[in-house]
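There are 2 protein chains.
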Amino acid sequence: MIPAVDETHDPALRSWVESANEGSDFPIQNLPFGVFRPADSMVAPRVGIAIGDMILDVGAARGAGHFTAAAGEAAKACMAPALNDLMALGRSAWAALRRQVSAILRQGSSAAAARQELLVPMADADMMLPARVNDYSDFYASIHHATNVGSMFRPDSPLLPNYKYVPIGYHGRASSLLASGAHVRRPNGQRKEPDAPAPVFGPSRSLDYECEVGIFVGPGTMLGEPLPMRSAAEHLFGFCLVNDWSARDIQSWEYQPLGPFLSKSFATTVSPWVITADALAPFRIPAFVRPVGDPSPLPYLQDDDDASRGGVDLSLEVFLRTRSMRERGATPTRLSRAHFADMYWTMAQMLVHHASNGCNLRPGDLLASGTVSGPEKSARGCMLELTWRGKEPLSLPDGETRTFLEDGDELILRGECVRSGYVRIGFGECRGTILPAPAGPG
Amino acid sequence: MIPAVDETHDPALRSWVESANEGSDFPIQNLPFGVFRPADSMVAPRVGIAIGDMILDVGAARGAGHFTAAAGEAAKACMAPALNDLMALGRSAWAALRRQVSAILRQGSSAAAARQELLVPMADADMMLPARVNDYSDFYASIHHATNVGSMFRPDSPLLPNYKYVPIGYHGRASSLLASGAHVRRPNGQRKEPDAPAPVFGPSRSLDYECEVGIFVGPGTMLGEPLPMRSAAEHLFGFCLVNDWSARDIQSWEYQPLGPFLSKSFATTVSPWVITADALAPFRIPAFVRPVGDPSPLPYLQDDDDASRGGVDLSLEVFLRTRSMRERGATPTRLSRAHFADMYWTMAQMLVHHASNGCNLRPGDLLASGTVSGPEKSARGCMLELTWRGKEPLSLPDGETRTFLEDGDELILRGECVRSGYVRIGFGECRGTILPAPAGPG
Chain A
-2 MIPAVDETHD PALRSWVESA NEGSDFPIQN LPFGVFRPAD SMVAPRVGIA IGDMILDVGA
58 ARGAGHFTAA AGEAAKACMA PALNDLMALG RSAWAALRRQ VSAILRQGSS AAAARQELLV
118 PMADADMMLP ARVNDYSDFY ASIHHATNVG SMFRPDSPLL PNYKYVPIGY HGRASSLLAS
178 GAHVRRPNGQ RKEPDAPAPV FGPSRSLDYE CEVGIFVGPG TMLGEPLPMR SAAEHLFGFC
238 LVNDWSARDI QSWEYQPLGP FLSKSFATTV SPWVITADAL APFRIPAFVR PVGDPSPLPY
298 LQDDDDASRG GVDLSLEVFL RTRSMRERGA TPTRLSRAHF ADMYWTMAQM LVHHASNGCN
358 LRPGDLLASG TVSGPEKSAR GCMLELTWRG KEPLSLPDGE TRTFLEDGDE LILRGECVRS
418 GYVRIGFGEC RGTILPAPAG PG
Chain B
-2 MIPAVDETHD PALRSWVESA NEGSDFPIQN LPFGVFRPAD SMVAPRVGIA IGDMILDVGA
58 ARGAGHFTAA AGEAAKACMA PALNDLMALG RSAWAALRRQ VSAILRQGSS AAAARQELLV
118 PMADADMMLP ARVNDYSDFY ASIHHATNVG SMFRPDSPLL PNYKYVPIGY HGRASSLLAS
178 GAHVRRPNGQ RKEPDAPAPV FGPSRSLDYE CEVGIFVGPG TMLGEPLPMR SAAEHLFGFC
238 LVNDWSARDI QSWEYQPLGP FLSKSFATTV SPWVITADAL APFRIPAFVR PVGDPSPLPY
298 LQDDDDASRG GVDLSLEVFL RTRSMRERGA TPTRLSRAHF ADMYWTMAQM LVHHASNGCN
358 LRPGDLLASG TVSGPEKSAR GCMLELTWRG KEPLSLPDGE TRTFLEDGDE LILRGECVRS
418 GYVRIGFGEC RGTILPAPAG PG
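So the sequence lines, in the order shown, correspond to chains A and B. With this note's numbering applied, the first sequence corresponds to residues -2 to 439, in that order. With this note's numbering applied, the second sequence corresponds to residues -2 to 439, in that order.
So that you can see chain A by itself, here it is in the shape it has in the complex:
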């Protein structure tokens, strides 16, 4: 069952952390989990919960006796330097912890007196990857993205016949998952111009981003044991933002017949705060309604719950700040805004499809949605689509132009859920800046 709205979503709730009450991404109704380390320290990373511009140190709160037995197991799992143990516990443990954290941070709580011990300013913390990701899989769930890209790479068959039946995905590279803020080196690789007799090796000339939504798996599944749709929500801990950096020239040359490999594996950036499925309960909406004439999903991908609330009313924005903008102190410029509700497949369908062959999922596995693009030009979630493979360069406010990313460019993803009668939930940022390519090997 998809989590229900409860008292922790009450828009009247306010926190004794004042910055949480002022339109922050992290009001007391959000309470996302992350892993942080006090900046410039060598202490082990630990689990925190974002509240306004502060981080609640869960270990400190536990040590001070703020949790009762009902949340004891979940609070103990937060002593690890990654969220995997908490993710493994399951929905009732998560909900118990959320209720108690909400109470601790609420105006009137006695915990406010221990502000100094419990809170670390975000400005004084380094954020880590939220989990040890054993396996990372990436999907292709936006039919708008698939159609746009397909019409560039395969003009004769933009949307392949399997698309409306199979939640298309592939295995990604886990080793190069990066915490938000880490710089990204432009990759070297093989590229081949259409008329050239042979490929050349060198820095990618068409480095791109992809704005995606990720989910972290909660309790795992057993090898050989598929997951029914009705149980999918029990295995979905929470959501994040993912930038699936992509070298389009490397991709177009390498991707047949086994799919993208080095065009993607040089870096994937993940936002630091995991927005729990519990926090998003007020923002669940019906899954994408397929146009008349499209086939229904096969039975193993159908579920009443999913049809009624399988979607998430989440808006995604992409911002670019070039080196010159940074030097002038200019604010980032928005490149696009898209809606996660436009995805052809829900995250539950991706989870269930992934496990349908018996493949085992483990706590902390990351599944990303693929580029989130909408039907409008302003909702295209990567530069490949925005510039139509470089043919229609973007004009930036200060007169610069871009076909793809240049060295020094900083790319920022943001996400938010807004609904009348509820407090806005933000996703924080997923951020990375491009460094020049290294000298090639050899």
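These aren't lab readings, by the way, just hints derived from the structure by calculation. Accuracy of the hints is not assured; some may be wrong.
Here are the simulated PhoX-like pairs of lysine-lysine, each with C-alpha atoms no more than 25 angstroms apart in a straight line [claimed, not checked]:
| # | chain 1 | residue 1 | chain 2 | residue 2 |
| --- | --- | --- | --- | --- |
| 1 | A | Lys388 | A | Lys374 |
| 2 | B | Lys189 | B | Lys374 |
| 3 | B | Lys189 | A | Lys161 |
| 4 | A | Lys189 | B | Lys161 |
| 5 | A | Lys189 | A | Lys388 |
| 6 | A | Lys388 | A | Lys161 |
Quick partial rundown of chain B residues pointing at chain A, CB under 7 angstroms, derived from the structure [what the hints assert, rightly or not]:
| # | residue |
| --- | --- |
| 7 | Met149 |
| 8 | Val163 |
| 9 | Ser417 |
| 10 | Tyr419 |
Don't be surprised by glycine CBs; every beta carbon is placed ideally from N, CA and C.
With chain A fixed as given, assemble chain B onto it according to the hints.
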């Protein structure tokens, strides 16, 4: 530099473990590493070295003071329940340990007196996966396999234009890597007959194996730092056998445009003994010589050392034992025999290509070669090729036929290196038996 032949390869060496001197896969010249646990026990898995039909318990040998300081660090790394720590240490540590293990197991060593404490019979041990594999990548390095498969799936363009330039690969699934001997459930999945209007979901009807060679990464590489060919051998700990189980009907429907996913991720079986690059020094041969007219590899994939000794003179055999053969006590029947020397790309080229975009490799990462097929029909390394997609069923000795694998079929991969003047090195077995598909989800 590729390891050199030294005194540990001397064919005159004999062990006080008698079974090692009698044509075993594991003579004293081999000394492969694995992770074992005494059968039916709950003790932690530990590192062992195969010798004849016994396992040297490295921890026991260390505890008894058999290692001197030169091998101290490597022996200590073997206290872990996986080989990752040893793999991370690098070539000089591995070589020091090998020299001392060779001395300990040699006829005349005082260690023979401690036989009871140092050895565990293989028959009394369960073998684990050799390493915690964080990332598993699979290549496509046999041009014969690529051409055969391509001509079935894409008759108009069997070998794609990138093949002779790019060591084609894709990311595999790490969670479903299995130790040899584990049963493999037939996967459910979507398949679509060419003339059917829509796909159906159910047990795969064309379950296949792929006979591959795997390598385990030794010391890792840093993100953003490519690996030059001249350093590749420093990062290659050892070799194993890999069975990349494949559901061909799921694969042909799902694989465009992002490559194989659920058709592979239900299970991949890995042989338990890692044959070190050191052990294989006498069997290194020149890399595959490309036919006249084929392009040279791009410079980042070229190296003198690789050209002269980048290949491995390794033969691979595939055996099948059906349920009926097992019930009758019949020996497995051989389906094919292929030579790893026929691969278009060397493992060093695959490693260097993998890191060429800055993707970081970690100790214990597994890279598999892709199906090893040769030019002869008898050297085709999967059933898809042997039966030409089911059109030419195999006739088994007892009158049974096979187009693909049936429930109850047991598949066994074996490998060996043979060279005049040296003792034969075996790879042991990579084994798995097919179980019926589970009830579908939903």
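Which earlier hints can't be squared with this structure? 2, 6, 7, 9, 10
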